[in-house]
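Engineer: Use the sequences and the hints to build the structure in full.
Protein sequence lines correspond, in order, to chains A and B.
Counting from 4, one number per residue, gives the positions in the first sequence under this note's numbering.
Counting from 171, one number per residue, gives the positions in the second sequence under this note's numbering.
Honestly, the hints are just simulated from the structure, not real lab data.
Any given hint might turn out to be false.
What the hints assert, rightly or not - From chain B, some residues computed to sit far from chain A (all C-beta separations above 10 Å):
#: 1; residue: E224
#: 2; residue: D367
#: 3; residue: T378
#: 4; residue: E381
#: 5; residue: K389
#: 6; residue: K407
#: 7; residue: H574
#: 8; residue: T628
Said to hold, decoys possible - Covered stretches of chain A (in silico footprint by chain B; criterion: 3 or more residues with CB under 8 Å from a CB of chain B, positions within the stretch not fixed):
#: 9; stretch: 171 to 184
#: 10; stretch: 372 to 386
#: 11; stretch: 394 to 408
Stated by the list, open to error - Result set (DSS-like, lysine-lysine): computed pairs, CA atoms no more than 30 Å apart in a straight line:
#: 12; chain 1: B; residue 1: K445; chain 2: A; residue 2: K37
#: 13; chain 1: B; residue 1: K370; chain 2: A; residue 2: K324
#: 14; chain 1: B; residue 1: K389; chain 2: A; residue 2: K303
#: 15; chain 1: A; residue 1: K324; chain 2: B; residue 2: K445
#: 16; chain 1: B; residue 1: K370; chain 2: B; residue 2: K343
#: 17; chain 1: A; residue 1: K8; chain 2: B; residue 2: K445
#: 18; chain 1: B; residue 1: K570; chain 2: A; residue 2: K324
Every value quoted in this text rests on a predicted model; they were computed, and no experiment measured them.
Ideal placement from N, C-alpha and C gives every residue a C-beta, glycine not left out.
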Amino acid sequence: MSVKKYTFSDLVRIEQLRKIESIKGEELSYASIKNMPGSTSSDFNYPEFIHRLKIRANHLIYENALGNKLRQPNQQFIRARRIGLIIAMILGGLAASQAVSESSTLNIYWLLVVLLGFNLISLLLWISGITLNLQSLSGGIIAHLTRWLPSRHKHDPTIVSSASHAWCESCLTGNVGKWRISVLMHQLWLSYLAAGLVLLILLMLAKQYNFIWGTTLLPDGTLPKLTQILGSPLEAAGLKIPDDPQTIASRIGTSKQDAETRMAWATFLIGSLIVYGIFPRLLLLGLSWIMQKWSEHRFKLDLYLPYYIELRQHLMGRNVKAEIIDADPQAGVKPVDIARPPENVSIPANAQAFGIELDTATPWPERVVCRLNIIDQESHDTAIALINSIKTPVLLGVAAHRLPDRGIQRMIKELVDSSNTKPWLILLSKPSAPVTSAREFAWFRLAEACGIPAEHVITR
Amino acid sequence: MMVKKPNSLNAPLLLNIAVVGHTNTGKTSLIRTMLRSTEFGIIEDAAGTTRHVEQATISANNEPILNLYDTPGLEDSRALFAQIKKLQARSKLSPPLQVLEQFVADISVSDPLEQEAKVIRQVLRSDILLYIIDVREPFLEKYRLELEILTQSGKPIIPVFNFIAGHDQELTKWRQHLTAFHMHATLEFDTVAFTFDAEKRLYQKMQTLLESHYDRLQKLIDYRATLWNQLCLSGAKRIAELIANVACYRESKTTKNNLIADSLIENRLHDFVRKAEQHCLHDLLVIFNFSEKDVEIQNIPVSNGQWQLDIFAPGILKAYGLDVGSAAAKGAAAGVGIDLMVGGMSLGAASALGAIAGAGWSTFKRYGDEIKATVKGTKWQCADETTLQVLYLRQKHLLKKLMHRGHAAQDTLQVDKTDDEKLPNDWNKLISTLRQNPSWQEHSAARNGNPQYQQIETKLVGELLDEK
Chain A
4 MSVKKYTFSD LVRIEQLRKI ESIKGEELSY ASIKNMPGST SSDFNYPEFI HRLKIRANHL
64 IYENALGNKL RQPNQQFIRA RRIGLIIAMI LGGLAASQAV SESSTLNIYW LLVVLLGFNL
124 ISLLLWISGI TLNLQSLSGG IIAHLTRWLP SRHKHDPTIV SSASHAWCES CLTGNVGKWR
184 ISVLMHQLWL SYLAAGLVLL ILLMLAKQYN FIWGTTLLPD GTLPKLTQIL GSPLEAAGLK
244 IPDDPQTIAS RIGTSKQDAE TRMAWATFLI GSLIVYGIFP RLLLLGLSWI MQKWSEHRFK
304 LDLYLPYYIE LRQHLMGRNV KAEIIDADPQ AGVKPVDIAR PPENVSIPAN AQAFGIELDT
364 ATPWPERVVC RLNIIDQESH DTAIALINSI KTPVLLGVAA HRLPDRGIQR MIKELVDSSN
424 TKPWLILLSK PSAPVTSARE FAWFRLAEAC GIPAEHVITR
Chain B
171 MMVKKPNSLN APLLLNIAVV GHTNTGKTSL IRTMLRSTEF GIIEDAAGTT RHVEQATISA
231 NNEPILNLYD TPGLEDSRAL FAQIKKLQAR SKLSPPLQVL EQFVADISVS DPLEQEAKVI
291 RQVLRSDILL YIIDVREPFL EKYRLELEIL TQSGKPIIPV FNFIAGHDQE LTKWRQHLTA
351 FHMHATLEFD TVAFTFDAEK RLYQKMQTLL ESHYDRLQKL IDYRATLWNQ LCLSGAKRIA
411 ELIANVACYR ESKTTKNNLI ADSLIENRLH DFVRKAEQHC LHDLLVIFNF SEKDVEIQNI
471 PVSNGQWQLD IFAPGILKAY GLDVGSAAAK GAAAGVGIDL MVGGMSLGAA SALGAIAGAG
531 WSTFKRYGDE IKATVKGTKW QCADETTLQV LYLRQKHLLK KLMHRGHAAQ DTLQVDKTDD
591 EKLPNDWNKL ISTLRQNPSW QEHSAARNGN PQYQQIETKL VGELLDEK
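Structural biologist: As structure tokens, then:
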């Protein structure tokens with residue numbers, strides 16, 4: 004198995020280059036890749052092809068100083084993420100501070116709703132988006148924005164805009180994009196929750212708060228019950244959560260709280276935020292990160308694209324490795340040039356005609372009767388005996404469309420040698436088999452080699 | 171005489187196949203077609219074009235499976251037969267194989283039968299022989315002698331009938347003659363009119379004759395089949411991409427009743443369609459390994475990178491059996507070839523209303539341009555129905571030709587003739603869907619991930635590869 008010699012970012016760079024080349028290809032310089040060595044493997048091999056694409060891309064990037072331009076979109080993404088994280092932290096802090104009133108009370112359920120409630124809604128949307136494969140649901144506004152960004156049509160694209168277009172296409176759409184945006188989402192919510200939690204701890208460290216709760220719509224027993232339900236995992240972990248009397252004692256408008264109740268509420272609050280907010284987000288962040296890496300690992304270039312078809316031929320062009328193992332000792336010896344025999348040579352009177360391997364469909368000229376068609380050794384021997392005995396001119400008919408080989412040449416030579424006069428050669432043709440001029444010349448060459456003079460060659 | 175040992179390191183593993191036959195029967199052509207390469211050997215319409223033994227290796231996934239040996243033609247089989255008979259008479263007790271070995275050992279460089287000796291030498295070194303027959307030739311004594319000599323080597327022989335297209339009678343005669351030699355396992359493999367099935371059958375015949383190589387040959391068959399399917403799929407996908415590219419293309423037209431501007435836009439559109447088609451043709455040639463060089467030599471109707479046939483030239487529509495009576499088609503034939511489409515088609519207007527009514531972000535995203543156009547009074551121009559039809563039919567025809575073109579073919583690829591190519595059943599639906607999505611013009615992850623686009627692509631690819 005071949006080793007993977009490329010990373011996801013290599014593929015992204017290749018894609019960026021594809022976009023740039025398709026739009027601004029004529030502005031690039033290609034000098035450095037002119038003499039790239041040929042491929043070593045005889046069959047097509049995806050990793051090898053990508054490796055060669057990578058080498059080509061690196062050369063082009065270096066030669067045209069595109070490095071910074073190609074890195075720009077990723078840097079912009081990182082910068083945007085940082086800004087997003089800071090904004091999320093500020094929002095988290097603001098949400099936590101909103102729960103603290105001037106009278107040193109801390110509205111416990113308001114805080115849980117602000118920090119965990121919205122988080123829960125976003126989490127449910129994300130889960131349904133992921134399970135139903137609806138990116139707009141799982142990524143929310145971010146996904147909408149990122150899906151719109153690459154589709155923004157620029158009338159006059161530049162190298163930078165093409166590079167960022169390609170980056171968005173490969174990094175923010177498809178499977179990679181789905182998980183990358185998920186990672187970003189979880190990071191934003193984590194920083195929101197973490198900022199809220201840290202601020203709360205700081206506030207609670209510096210000041211003494213009374214924990215209160217109240218409800219307008221719900222029956223009085225609901226929130227204490229909810230406290231118990233939410234608190235049970237914390238209790239299981241050995242933490243002390245408010246018991247029923249402590250909960251009832253914290254209802255808005257009741258008397259002051261003791262230190263134990265405050266401690267129990269603080270533990271409950273911090274515990275709930277960690278267990279129901281930060282912990283699941285961390286878990287999902289980890290999962291999304293793994294999935295992002297996995298989909299990056301599985302990311303494949305669309306080799307059906309014309310750009311890659313062209314490059315595939317160029318970089319992986321299969322040169323058949325042929326090897327001559329039994330050489331021709333006469334290699335390089337060119338056949339001698341030969342002049343075309345005169346036209347309109349007429350058939351001699353009283354000629355005795357012999358056919359050379361003729362098929363039944365090859366016609367003789369009128370008035371000529373074929374005495375014998377030579378098809379094997381026996382008929383050849385008979386013909387030689389006949390030719391030897393006659394004094395009239397001998398006419399040898401060959402099928403002009405057929406190829407004169409050494410066997411035929413030897414046969415004709417033997418006939419010529421046994422003849423008492425210089426025989427005539429006639430090139431017979433049939434309408435179904437056209438004769439090329441190269442083929443005619445092959446016969447003329449044969450005639451010369453057999454000692455038939457040019458004026459004895461009849462072309463019809 | 172110095173004869174190189176063929177690939178001695180891999181020799182025991184690889185299957186060695188000698189391609190033999192009379193001169194000019196298409197031995198080199200067969201190997202070219204099997205290698206899918208126009209570069210192997212020399213093909214000429216002359217005797218003794220190949221005068222040496224040349225080896226090429228076929229591998230499956232970079233693992234060499236077999237060696238093919240191109241041999242010179244057996245030109246003078248009568249003399250060869252006589253020589254062997256003489257040797258046989260001299261050493262009566264020697265088995266026929268030994269006589270052949272002795273013949274090869276005795277031959278000198280200047281001997282007239284040196285070329286034939288090369289063939290016999292390679293035959294003795296090989297595991298199996300492919301005996302290539304030009305079925306247009308009558309079954310003469312010399313062919314019988316060739317078969318007799320080859321049989322003497324004791325190697326399995328597969329007679330391969332070449333140039334069979336349109337020569338059924340001759341083929342039948344040849345079959346009858348070969349039966350006399352107990353050669354029933356023949357194969358029809360036209361090196362010019364290529365079919366992948368024939369190639370597959372060739373390997374399968376070898377499998378039956380060479381049991382020990384069965385698994386490795388099967389591996390090769392499977393690999394070649396995958397490769398072939400990928401090749402055809404690549405071609406079809408490229409054409410689907412062209413159709414999407416042209417169908418989704420549009421030019422905005424802002425000036426009203428300005429003839430010069432109109433004709434400029436028209437020219438731009440024509441230019442776009444022509445270039446797109448040329449680009450596609452180029453890619454198809456690349457996919458099937460018929461290079462530009464090949465185009466020049468073989469006069470495929472492309473001159474200076476241009477189709478000899480212009481898609482907008484009059485008469486093309488008729489050749490493709492399209493309805494020349496329709497107004498749109500008349501326009502196309504006259505070189506107009508373009509429909510004037512208002513406001514990005516009816517959906518544009520509807521969506522403009524929808525967006526105004528607050529249909530939301532996604533509507534704006536999709537129809538933003540149309541809304542702008544409606545406000546500005548811009549019109550769109552796009553390639554018309556007939557242009558797209560011609561484009562599709564031509565490309566389908568071309569694809570079919572390339573899929574059946576052997577790499578030994580020397581003739582001109584005629585792509586202008588009408589064939590029985592048909593448009594897909596729901597062609598209109600496909601095209602109108604494409605037209606409604608101008609953003610699909612270029613490849614993008616969003617487009618390729620769109621189920622509707624995928625459906626159209628699958629449909630087009632399926633129809634393009636459907637050879638019924």
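Engineer: Compare the structure with each hint and give your call.
Structural biologist: Now for the hints, and whether the structure bears them out:
1. E224: Given a closest Cβ separation of 5 Å, the condition is violated.
2. D367: Check passes; 22 Å lies beyond 10 Å.
3. T378: holds, 26 Å
4. E381: holds, 26 Å
5. K389: holds, 12 Å
6. K407: violated, 5 Å
7. H574: For B:H574, whose nearest Cβ neighbour in chain A is about 20 Å away, the distance exceeds 10 Å, so it holds.
8. T628: It holds; B:T628 is separated from chain A by about 13 Å at its closest Cβ, greater than 10 Å.
9. 171 to 184: Holds: 5 residues of the stretch 171 to 184 of chain A have a Cβ under 8 Å from chain B.
10. 372 to 386: As far as the stretch 372 to 386 of chain A goes, the hint holds, because 3 residues have Cβ atoms under 8 Å from chain B.
11. 394 to 408: holds (count 4)
12. B:K445 - A:K37: It holds: about 25 Å lies between the C-alpha atoms, which stays within 30 Å.
13. B:K370 - A:K324: holds, 22 Å
14. B:K389 - A:K303: holds, 26 Å
15. A:K324 - B:K445: violated, 35 Å
16. B:K370 - B:K343: Status holds; Cα separation ~25 Å.
17. A:K8 - B:K445: violated, 36 Å
18. B:K570 - A:K324: holds, 28 Å
Comparing the model with each earlier hint shows violations of hints 1, 6, 15 and 17; every other hint is respected.
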